[in-house]
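Peer 1: These protein sequences, in sequence, are chains A and B.
Counted from 1, the first sequence has number 77 at position 77 by my numbering; the numbering is strictly sequential.
Counted from 1, the second sequence has number 253 at position 30 by my numbering; the numbering is strictly sequential.
Watch out, some of these pointers could steer you wrong.
[Unchecked claim] Which stretches of chain B does chain A cover? Using the computed rule of at least three CB atoms under 8 Å from a CB of chain A, they are: (1) 273 to 281; (2) 301 to 315; (3) 327 to 338.
[Claimed, not checked] Derived contacts from chain A toward chain B, CB cut-off under 7 Å, selection only: (4) G4; (5) T80; (6) T87; (7) H222.
Source of the hints: derived by calculation from the structure; they are not laboratory data.
The structure presented is a predicted model; accordingly, all values stated were derived computationally and were not measured.
Backbone N, C-alpha and C define an ideal beta-carbon position, used for all residues, glycine too.
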Amino acid sequence: MGGGFSAILQRDLLLAFRHRGEIANPVIFFFIVVTLIPLGLTPEASRLAEIAPGILWVMALLASLLSVEGLFQSDYRDGTLEQLLITPQPLYLMVLAKVLAHWLITGLPLTLLAPVLGMMLSLPTAGYLPLVLSLLMGTAVLSLIGAIGAGLTVALRKGGLLLSLIVMPLYMPVLIFGASTVQRAVDGFPVDGPLAVMGALLAFSLLISPFATAGALRVSMHG
Amino acid sequence: MSSQAAIFSLKSLAFERDDRLLFSGISVALEPGDILQVEGPNGCGKTTLLRIISTALNPTSGTLFWRGKDISQHRQDYLQNLLFLGHLPGLKQSLSPEENLQWWRRLNANNSLLSNEEVLASMGLRGYEDVPCFTLSAGQQRRAALARLLITEAPLWVLDEPFTAIDKQGVAQLEVLLKDHVKKGGVVILSTHQDLGIDGIRRLSLPLLAEVS
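Construct the entire structure; sequences and hints are all you get.
Peer 2: Right, here's the structure in full:
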């Protein structure tokens, strides 16, 4: 049963390691954009601190969106995806393994990089822990939701724009609660509420998304 | 030929895409030891038929049976008995042939006892076990993909154009492999434009719609 899960997880991490340059793209994008903000807007610490929570979250979302398009792309092009669909293993687990690998190579590095970038944007001290916690859960939700869109558009030649249109509305709640978690912490309010909502979003998408993605992949491949 | 002995059969299979009928009324019954060669001009639906047989595609109408059971009802059981090699071989270019093979082993349950080194050596890839697949030639890549035939114990092989890019010696080798497989009671369904040097091969010509010789 679990053979497919660990086989896919290990293979995707190995492939990511062999393609280190491409995999680093979202993280580098995140880094570059956030470094440009003080240059383009203002180097003044108080004004930067005001916009830091929003900026960090929007950029993490875009970096995640950029990378999710390729989730099934290479498997589709070399025929592996077709093989996965006819493997006597539960597709739910295989999709979950692919999403987990995607999160480990994009979401997790983004989360770990965020405090450093927060420092560059003079994020007040109270914001760091909520930033990391909200991104830790939020990027996982983004990967899970993005997988549905990636599954639906995998067989389309130019699916990138369509993917963004499908996924964006679903990303909104994650962004709203994620950014407000950090904002509330900076303003001195308790953050249990938005963090709990974020946890609920994660639990919900963890249950639903692999099913939806597996269905989307079936539709794409049978078309 | 009695229907009881048939291990795999298709009943009045039809496929329609964009309101265009690709084929219809395809009925075949295969017994253990049969090799079925699907032939026909380009675009007649050979790949589509093989993808339907591998359940990667649903037919517009018709039913497939494996050991007398409807495949749409017993899909998991059927898939354990199936090895499908499409014309995209599913090799990861940045992994070595050995890593690719190991990955297939972990994904499928019924593997043979041969080691990966033995398998790759008998496919003529000795010395290439550890190089990334993108450095191999097209023929060598095809051989690496075909190495899966040696690690599986699945009785039903469905091969889409397995002879593409392979040299004469490799073709002869593959023919021996197919013969050994059906001698053990396996079944092979393949599409190719080549004339195979195998006796008793059965043919399905697609433009003539379901005529089996």
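Peer 1: All hints, please: hold or fail.
Peer 2: Evaluation of the provided hints:
Using a Cβ-Cβ cut-off of 8 Å, 6 residues of the region 273 to 281 of chain B lie near chain A, which meets the minimum of three, so the contact claim holds. For the region 301 to 315 of chain B, the assignment as covered by chain A holds, since 11 residues bring a beta-carbon within under 8 Å of that chain's beta-carbons and 3 suffice. As drawn, the region 327 to 338 of chain B meets chain A at 4 residues by the rule of a beta-carbon pair under 8 Å; at three or more, the given contact holds. With its C-beta approaching chain B no nearer than about 6 Å, A/G4 sits inside the 7 Å limit, and its interface hint holds.
A cut of 7 Å between beta carbons decides the hint on A/T80: the least distance to chain B is about 4 Å, and the hint holds. Interface restraint check for A/T87: the shortest CB-CB distance to chain B comes to about 5 Å, inside 7 Å, so the restraint holds. For A/H222, the shortest C-beta to C-beta distance to chain B is roughly 6 Å, which falls under 7 Å, so the interface hint holds.
This entry satisfies every hint, going by the numbered hints stated previously.
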